[in-house]
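Protein chains in written order, with my numbering: chain A, 1 to 90; chain B, 1 to 90; chain C, 1 to 90; chain D, 1 to 90.
Hints are computed from structural coordinates only; laboratory data are not their basis.
Among the clues, some could well be false.
Identical chains share a label here; the pair holds if one copy fits it or two copies do between them.
Stated by the list, open to error - Think about it this way: if two alpha-carbon atoms lie no more than 16 Å apart in a straight line, the pair counts; the simulated EDC-like pairs of lysine to aspartate or glutamate are:
no. : residue 1 : residue 2
1   : Lys-86    : Glu-71
2   : Lys-10    : Glu-55
3   : Lys-17    : Glu-32
4   : Lys-90    : Asp-58
5   : Lys-17    : Asp-58
Number of protein chains: 4
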Amino acid sequence: MAHTIANKGKLILRVKKIRGQLNSIEKALENETDCFKILQQISASRGAIQSLMSEVLDGHIKEHLGNHVSEEQREQEIENLSSLLKSYLK
Amino acid sequence: MAHTIANKGKLILRVKKIRGQLNSIEKALENETDCFKILQQISASRGAIQSLMSEVLDGHIKEHLGNHVSEEQREQEIENLSSLLKSYLK
Amino acid sequence: MAHTIANKGKLILRVKKIRGQLNSIEKALENETDCFKILQQISASRGAIQSLMSEVLDGHIKEHLGNHVSEEQREQEIENLSSLLKSYLK
Amino acid sequence: MAHTIANKGKLILRVKKIRGQLNSIEKALENETDCFKILQQISASRGAIQSLMSEVLDGHIKEHLGNHVSEEQREQEIENLSSLLKSYLK
C-alpha cells in the first residue's frame, strides 16, 4: 500500500481534478452547451482517468510484487493483478 | 445538440454516478485503503466514462451528420468528428 | 469507397507491415524467444492496427457522410458508423 | 518463458488466425471492397490482437513474477513489466 500512501497528496489532487472535469461536464449538460464541447470534455476526463490508472498500477506492481513481499502474499497479489488486467484490457 | 438535451436528465445522472465513484476513490486514498481496491475502483470509473463517451458520441453522430443538417454545418461537423476521433482513438 | 481506393497502395503497405510483425511474433514463439520480447512485439502490432483503424475510419467519415452522398445512403452510413463505433469503443 | 512454450501450439494458431484476418483485409483493399466491411475487419483483428496480448501478459505475470524466480531476476522483470504497461496503457 506504501505507494498510494507516499503519493497520497498528489494522487488525491489528481482525483479532485478529474472530479472538476466531471463538474464541468455536468454544468455543460445543464446549460445545454454545444455537444461537441461536451464530447471533448468527456474525452479529456477519460484520458486523465487512464493516466491515473497507469500511475497507480505502476506503483502497485513495484510495491506489491517486489522481493520484500512474503511468498504467500505474492501469490495472492499475482492472482489479483491477473484478474484486474484481464478485466481492464478486454 | 438535441440528443444531449433530450437525454439531459439521464446523462446528468450518469455523470453524477461517475463523480460518486471518484468521491469513493478519494476517500479510499484518504483512508489508505488497500490499493488493489483503489485500482478496481479506478478501473470501474474508466469503464463508466468510456460508456458515457460511447453514448454521447452515438447521439452526436445521429443528430449532427443527418439529413436535416445544412451542407455548411455538415462540413464543419465532419471536420470536428474527425479530429475528435483521431485524438480519442490514438 | 474512394478513400480506400485513392490510398490503396499506401494502406496495403501498412497491412503488409503489420503482417510482417505477426510473422516475427510467430517466429519468436516457434524459437521460444524470451517472452517479454514477444509481449513488446504484440504491443507494437496492436499500436499499428489501431493507427490503421484510425486512418481508414477518418477517410470513411469524410467520404461517406459528406454533402455529395444521397440522403438515403447517408442514413444507412450513419447507422453503420454508429454500430461500428459502439463495438469498437466498448 | 515456460508459458509461451507450454502454450506454444495454441498461441501460434492464434497468431496465424490474426494473420489470416490481415490477408483478408489486404485482399479487400486490392478488390476495392466496400470500405465499411474493411473497417469491420480491422476492428475484429484489433480485438483478436488485444485478446492475444491479454493472454500472453497473463501467463507472463504468473510465470515471471512468482516465488520460483530469483530476487535479481524479479527486480528486472518488474522493471520490464512496468515499462511495458506504461507504453501499452497510454
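Against the structure, the hints come out as follows:
1. Neither within a single protomer nor between protomers do Lys-86 and Glu-71 lie at most 16 Å apart by alpha-carbon distance, with minima of 23 Å and 26 Å respectively.
2. Within a single copy, Lys-10 and Glu-55 get their C-alpha atoms as close as 11 Å, which meets the 16 Å cut-off; across copies the closest is 32 Å, which misses it.
3. In this assembly of identical chains, the alpha carbons of Lys-17 and Glu-32 never lie at most 16 Å apart, being 23 Å within a copy and 19 Å across copies at closest.
4. In this assembly of identical chains, Lys-90 and Asp-58 lie within 16 Å of each other by CA distance solely across copies; the values are 12 Å between and 19 Å within a copy.
5. Taking identical chains as interchangeable, the C-alpha atoms of Lys-17 and Asp-58 are never at most 16 Å apart, the minima being 20 Å within one chain and 27 Å between chains.
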